[in-house]
Amino acid sequence: MNDINNILENNILLNSNEFVMFFNELFLDAKHHLIIKDALYGLELFDIKISNQVEIEILIDLDRIKQNKRNLPINIQNEFPNKSRFFEIFLKSGLFFNKYYRGSFDHILLNMDQVNPLNGDLPIAISFDTNLYFNQFFSQMYPMLLERYGAPRFPIKFLMSEGVKKELTRYEKKYKQYDINDLKNVVKYPSIIEDFFNQSKLNSRLWHLGHSDFLKCIGNVNYKLVDEDISVNSNDMDNKIINGLMKEIKQQNIKLYILSQDSDFIARSRGNKNLVAKFLDKIPYSKLKQLYSISWEKLVRFIYTLSVTFGAIILEVKGKPIIVIQGIWRGKKLFHWENETMKICSANNLLGKIKKDLTILRNIKIEERVNWLY
Amino acid sequence: MITWITTVGWSPFAVINPIWAYCKENEKTPDKIFLLHTENMKVLKNVETCKKYLNEILREYSHNNFKEENLINYQIKNETYEIYSIAMKKLIERELKDEKAKIIIDMTPGRKYMSAINMFYGLKSLNNSIQVLYLYLEEAKYQKVPYPLTPIIKNELIDIIESAEIFSKDITIDKVKDPNDEIIKNISDIDLLRKFLILRAIVKDFPTITKIKKYFLAKKQNIKSIELRQILKELQEDKYVSITKVPNKKQNFFLYKNLGKADKFIDDTMKKFKSREEGGDRI
Numbered sequence: 001m002n003d004i005n006n007i008l009e010n011n012i013l014l015n016s017n018e019f020v021m022f023f024n025e026l027f028l029d030a031k032h033h034l035i036i037k038d039a040l041y042g043l044e045l046f047d048i049k050i051s052n053q054v055e056i057e058i059l060i061d062l063d064r065i066k067q068n069k070r071n072l073p074i075n076i077q078n079e080f081p082n083k084s085r086f087f088e089i090f091l092k093s094g095l096f097f098n099k100y101y102r103g104s105f106d107h108i109l110l111n112m113d114q115v116n117p118l119n120g121d122l123p124i125a126i127s128f129d130t131n132l133y134f135n136q137f138f139s140q141m142y143p144m145l146l147e148r149y150g151a152p153r154f155p156i157k158f159l160m161s162e163g164v165k166k167e168l169t170r171y172e173k174k175y176k177q178y179d180i181n182d183l184k185n186v187v188k189y190p191s192i193i194e195d196f197f198n199q200s201k202l203n204s205r206l207w208h209l210g211h212s213d214f215l216k217c218i219g220n221v222n223y224k225l226v227d228e229d230i231s232v233n234s235n236d237m238d239n240k241i242i243n244g245l246m247k248e249i250k251q252q253n254i255k256l257y258i259l260s261q262d263s264d265f266i267a268r269s270r271g272n273k274n275l276v277a278k279f280l281d282k283i284p285y286s287k288l289k290q291l292y293s294i295s296w297e298k299l300v301r302f303i304y305t306l307s308v309t310f311g312a313i314i315l316e317v318k319g320k321p322i323i324v325i326q327g328i329w330r331g332k333k334l335f336h337w338e339n340e341t342m343k344i345c346s347a348n349n350l351l352g353k354i355k356k357d358l359t360i361l362r363n364i365k366i367e368e369r370v371n372w373l374y
Numbered sequence: 375m376i377t378w379i380t381t382v383g384w385s386p387f388a389v390i391n392p393i394w395a396y397c398k399e400n401e402k403t404p405d406k407i408f409l410l411h412t413e414n415m416k417v418l419k420n421v422e423t424c425k426k427y428l429n430e431i432l433r434e435y436s437h438n439n440f441k442e443e444n445l446i447n448y449q450i451k452n453e454t455y456e457i458y459s460i461a462m463k464k465l466i467e468r469e470l471k472d473e474k475a476k477i478i479i480d481m482t483p484g485r486k487y488m489s490a491i492n493m494f495y496g497l498k499s500l501n502n503s504i505q506v507l508y509l510y511l512e513e514a515k516y517q518k519v520p521y522p523l524t525p526i527i528k529n530e531l532i533d534i535i536e537s538a539e540i541f542s543k544d545i546t547i548d549k550v551k552d553p554n555d556e557i558i559k560n561i562s563d564i565d566l567l568r569k570f571l572i573l574r575a576i577v578k579d580f581p582t583i584t585k586i587k588k589y590f591l592a593k594k595q596n597i598k599s600i601e602l603r604q605i606l607k608e609l610q611e612d613k614y615v616s617i618t619k620v621p622n623k624k625q626n627f628f629l630y631k632n633l634g635k636a637d638k639f640i641d642d643t644m645k646k647f648k649s650r651e652e653g654g655d656r657i
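Taken in sequence, the protein lines are chains A and B. Each residue of the first sequence is one higher than the one before, starting from 1 at the first, in the working numbering. Each residue of the second sequence is one higher than the one before, starting from 375 at the first, in the working numbering.
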């Protein structure tokens with residue numbers, strides 16, 4: 001425990017677009033083989049080898065997560081990711097994107113690029129249902145947009161629904177001191193949990209993550225925010241969202257691709273003029289491989305999603321904890337969510353080395369996102 | 375006294391990143407930097423961008439000791455090869471008047487003929503302390519990205535003349551030949567194989583980074599300098615090798631020495647490799 005307390009004494013905040021600096025310093029310090037543990041269950045989750053590509057070996061099966069959750073006191077169970085939340089980390093980090101989803105997006109973008117108004121083609125826009133932002137689909141497709149169109153703002157059009165935004169902004173629940181005390185009684189690293197005070201609880205932070213994806217979309221494409229149809233006389237948000245979009249399709253005379261992972265939503269969207277509803281299949285648990293080989297950029301997304309989902313993670317080298325990465329911490333603000341900031345704690349001198357380059361970069365104030373893929 | 379000469383053209387990061395890499399790798403800065411450029415408007419704008427970055431980098435890495443006036447614009451009329459050659463000649467001669475001077479010519483930015491001229495001066499002045507560096511970038515997508523935001527494994531700052539010299543020389547077969555060479559071809563545990571080869575290279579008197587790379591090449595194995603440095607750091611931490619900084623006229627380089635444990639590691643590992651070959655545990 002002393003190790004962890006020492007580690008927590010020094011920290012640095014890094015945005016996701018600066019995070020490669022951290023891996024660079026780890027690599028230079030010959031710390032390229034890491035074990036990642038989560039700060040809640042305290043389980044060994046991944047064995048990571050950083051080289052030209054990054055190898056992620058999963059050390060735990062989904063049922064063990066389920067079993068560990070069952071063993072927890074009932075009052076705090078909600079704060080521990082279940083196997084489904086754990087599985088979503090891989091989806092949200094884009095580890096399934098190229099194999100299972102990229103084709104659908106390529107097809108839509110190709111259709112958009114081929115629109116010729118001189119031939120009477122209707123302009124094409126895209127719309128995402130709530131679950132797509134929740135699962136970080138805009139962040140997942142971001143590298144392919146960079147590849148296709150160069151730097152943002154990308155020349156594609158998004159119709160975004162107020163109804164979707166309302167669903168994504170349900171992140172009001174925060175940890176009070178008594179929640180922290182309850183958690184500290186069961187977790188392996190109570191000193192890390194201490195820093196969660198007044199930060200979003202598990203479900204809230206996952207919604208927050210979804211809303212950040214929504215905001216990222218707004219920041220990088222041409223968009224219009226469309227009201228949901230309040231004339232729909234029920235609490236049926238799906239219907240309100242679809243009707244709101246339909247009104248816009250008629251008014252603007254456009255064709256809209258709407259994408260969702262909810263088959264009911266897709267079913268209800270079908271049969272409308274100029275509305276093409278595309279269902280994106282959910283990936284079954286069985287598709288989770290034991291070993292992934294990914295780029296450094298994808299590793300950044302993976303670590304970010306992991307640290308937000310679990311609140312914090314611990315990186316060990318040769319059986320010794322050396323770094324804590326926090327997805328939430330006392331004092332985390334809205335702009336930290338927007339910049340996908342992580343708090344890196346370490347007693348190792350790598351923080352000093354990062355600070356040096358960070359000072360240079362921040363002094364230069366690279367306000368625009370540098371044009372690199374991730 | 376280190377003087378860095380570089381050429382500003384269309385891509386500011388081709389100028390900035392090699393200097394950033396040099397400062398980071400060596401934990402020191404050049405004392406003087408010449409930015410050769412023409413009077414083209416876009417180039418002049420890029421000179422300003424370069425200076426903005428370089429001032430910050432040099433201030434930070436020199437702990438505020440770098441003097442801003444030592445970041446010098448050196449304008450040439452136009453970029454014909456005649457004018458570029460003459461400008462380089464004048465600059466080099468002027469700087470080498472100081473006997474302690476060392477010149478680094480960065481051939482990362484600029485056009486092909488400039489690189490050729492840079493190499494010409496580098497080769498011609500071998501005894502006059504001129505080093506020609508090149509920042510090799512593995513993927514073009516990082517061309518507009520500041521050095522620290524690029525995965526370090528995708529970059530390599532290369533001493534071009536030294537590398538070309540070492541890699542173009544044939545190694546005496548006897549020096550690298552080993553009766554067990556066939557065995558290592560089939561080893562799939564890359565980490566173990568690399569450690570094994572590095573230690574064997576050091577034992578066989580290939581004691582520098584470039585020479586170890588050459589040894590790897592002779593064994594038909596590939597390793598990047600950054601990966602090599604990383605493994606050497608581990609071996610150093612585990613007390614297999616020691617490292618000594620050896621200054622010569624051109625640069626400091628590092629000599630790696632076997633601390634005695636290496637021989638046992640090599641023997642034990644070879645036994646493991648052989649046992650696999652004979653159908654034992656898979657490595």
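In case anyone wonders, no lab produced these hints; they're calculated from the structure. Where hints are given, some of them may not hold.
Quick list of in silico lysine-lysine cross-link-like pairs, DSSO-like style, CA-CA up to 30 Å [to be verified]:
1. B:402 with B:613
2. B:441 with B:559
3. B:645 with B:619
4. A:318 with B:426
5. B:426 with A:353
6. A:49 with B:585
7. A:282 with A:165
8. A:353 with A:224
9. B:645 with A:49
10. B:498 with B:551
11. B:638 with A:49
12. A:333 with A:166
13. B:631 with A:353
14. A:353 with B:518
15. A:49 with B:398
16. A:355 with B:645
Comparing the hints with the structure gives:
{"no.": "1", "hint": "B:402 with B:613", "verdict": "27 Å, holds"}
{"no.": "2", "hint": "B:441 with B:559", "verdict": "53 Å, violated"}
{"no.": "3", "hint": "B:645 with B:619", "verdict": "34 Å, violated"}
{"no.": "4", "hint": "A:318 with B:426", "verdict": "42 Å, violated"}
{"no.": "5", "hint": "B:426 with A:353", "verdict": "21 Å, holds"}
{"no.": "6", "hint": "A:49 with B:585", "verdict": "26 Å, holds"}
{"no.": "7", "hint": "A:282 with A:165", "verdict": "22 Å, holds"}
{"no.": "8", "hint": "A:353 with A:224", "verdict": "43 Å, violated"}
{"no.": "9", "hint": "B:645 with A:49", "verdict": "26 Å, holds"}
{"no.": "10", "hint": "B:498 with B:551", "verdict": "35 Å, violated"}
{"no.": "11", "hint": "B:638 with A:49", "verdict": "26 Å, holds"}
{"no.": "12", "hint": "A:333 with A:166", "verdict": "20 Å, holds"}
{"no.": "13", "hint": "B:631 with A:353", "verdict": "27 Å, holds"}
{"no.": "14", "hint": "A:353 with B:518", "verdict": "22 Å, holds"}
{"no.": "15", "hint": "A:49 with B:398", "verdict": "24 Å, holds"}
{"no.": "16", "hint": "A:355 with B:645", "verdict": "45 Å, violated"}
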